[in-house]
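Student: Letter by letter, the chains look like this.
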Amino acid sequence: MTTQQQPAPILSVHDLRKDYDGGGHHLQILRSVSFDLMPGETLSIVGPSGSGKTTLLGLCAGLDEPSSGTVTLAGHDMGTLSETERGSVRARHVGFVFQSFQLIGSLTALENVMIPLELLGQNKGAREKAVELLRRVGLEDRIHHYPLQLSGGEQQRVALARACVHQPAILFADEPTGNLDSATSAPIVELMFGLNREMGTTLVLVTHDANLARSTQKCLKMQDGSVIESH
Amino acid sequence: MEFHSKGLPATFWTVSMAWRDSRGQRKILLLFMLCVAAGIGALVAVASLRDNLDGVIELQSRSLLGADLELATRQPFTPELLNFAQQLGGEQATEVRLRSMAFFPQNGESRFVQVRAVEGGFPFYGESETEPAGLLPMRDIQTRSGLPPAIVENSLLQQLALETGETIRLGTLEFEIAGSLLRVAGESELGGFFAPRIYIRAKDLAGTGLLTTGSIARHRMYFQFTAGLGERERSLLNAAREDLFIESGVEFTTVESRSRNLRRVMNNIFDFLNLIGFVALVLGGIGVGGAVQVYIKEKLNTMALLRCLGTSATTTFRIYLWQIVAIGFLGSTIGSAIGVSVQFLLPVFFG
Ligand SMILES: Nc1ncnc2c1ncn2[C@@H]1O[C@H](COP(=O)(O)OP(=O)(O)OP(=O)(O)O)[C@@H](O)[C@H]1O
Ligand SMILES: [Mg+2]
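As given, the protein sequences belong to chains A and B, one line each in that order.
So for the first sequence, our numbering puts the first residue at 1; every next one is plus one.
So for the second sequence, our numbering puts the first residue at 1; every next one is plus one.
Just so you know, these hints were derived from the structure itself, not from any lab.
Some clues are possibly wrong.
[What the hints assert, rightly or not] Straight-line alpha carbon distances no greater than 30 Å define the calculated DSSO-like cross-link-like pairs of lysine-lysine that follow:
(1) LYS124/A to LYS299/B
(2) LYS203/B to LYS27/B
(3) LYS129/A to LYS299/B
(4) LYS297/B to LYS27/B
For reference, chain A alone in the conformation it holds in the complex (with noise of 0.2 Å):
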């Protein structure tokens, strides 16, 4: 991990705006968030379905450009680089588990899990790394199927074994374990926050579940497009 002496975020949102031009509607779905969050700590989202959960974790991520306001991810400011320069950061510094999973439907699940490490040239001993991660959320036995043979849940656990391998700084997850059961998401959890134990990965969670919403340290109520509560 980088040595940071003076503690700085990792992730910080400064009066984030997005808006949308469409069919003659002007829309606000994000209107002046922001929010700190410092390397290791836990946060999760939470607010009803439309609130602009997906839209915020997006921009976080540097997925898409905001209308106005700043971000900074890993010292970054995203509002200053290019599309290819925000991809290299994601690549080397970012985890993203997509709401609707967002595997490659060519690719086995342990090729969809490799991925990012062979994007930072981490060839070596990548497989074993995909391997283990997978065994850690139940599939070591389904490594060789293509996304189209696995389950809807199977195919988040793959989505979140993707996000995890390359050991990311900062993970964003949308609702991680939106597709689960309380026996499958426990160790889906359970790798989440151990990453934040071990690694001292900071963790974004957009989540419907109060109890996953209770185990972060921070959360952010949101409501159309503004945060409602937060602590």
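We have chain A already, so just place chain B with the ligands on it with the hints.
Tutor: Just chain B with the ligands now, with coordinates in the frame of chain A:
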């Protein structure tokens, strides 16, 4: 910003991604490839067939004409023309070619045929095939019945179930079928398809009564010179073409003019084939282009995902570039191979 895309490893990764990503779509990709191969194959086939035939014409031009010089008229040779032939010298042969009905007394059938009354050693060059062998150039053949001999197109004999030794009547004269004609030097197999060829001796033509004033016939004179068409013959021809040839209605063909004509015909055919091939390739290209576009559209999600995981736009582009380049390269290579090998297969079909 440093990104791992340093030279070879990155290229390796894009190639391996390209390969892995093609899973499940390899059949479609193969189809694209075959489309490219078919188009290229057609063009290459036309081009190399042209090259080959060009060489063949060069090598075989003498046997295509069968002689060094041919003089052709529409009426019997004038005394002036015979005189001119005397001056030219060399080995000479004549042929009168006309169309007529042939009657077969055995089965009462009759057919429209092409009669060739020949004298001399024509064709001087090239091999003809007859059964029994060696009947052309036509010699005096002793027939069993004593009737004059005729060599009849093999396909006609087969059609009418006739055999050598049986009788055929041309005009008012009966002939004995002395043999069957399989191939004439310098002519294609198809030559005898519409009007079967029958060879008789020139001296028997008068007896048939087929050649009267007004009959449509081609009279030809063939020459063979010991050293090909030389300076002396050329200057004689040049002198004659202004007056004698015009007065006597003579068309003359040399080996060069024959191959020039052939080449002209061939070039026309090949230009046409090339145009068709080209149009096919362009249309095929548009088709493949559209299909590739649809293919890429289906891949957009994967591309977006790779971008989310941090792959640069160039790297993502390269993954799919590899796939398309591979299709194009393999397709053209296979197409060229097919095009070239068609050369070796064609003779099997067209003899
Ligand atoms: N590309 C877009 N164009 C227009 N509107 C959009 C776009 N993306 C999202 N929105 C709108 O922004 C709002 C917030 O969307 P978002 O996906 O962030 O909600 P969410 O909080 O993640 O909801 P859920 O819990 O259902 O996933 C929604 O009303 C959605 O319709
Ligand atoms: Mg959402």
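Student: Each hint needs a verdict: does it hold in this structure or not?
Tutor: Evaluated hints:
In summary, the hint linking LYS124/A to LYS299/B is supported, as the alpha carbons are separated by about 28 Å, within the 30 Å threshold. Under the criterion of a C-alpha separation no larger than 30 Å, the hint pairing LYS203/B with LYS27/B is inconsistent with the structure, at around 70 Å. This hinted pair checks out: LYS129/A and LYS299/B have alpha carbons roughly 28 Å apart, not beyond 30 Å. At most 30 Å may separate the alpha-carbon atoms for a hinted pair to count; LYS297/B and LYS27/B meet this at roughly 17 Å.
When each numbered hint is compared with the structure, a violation occurs for hint 2 only.
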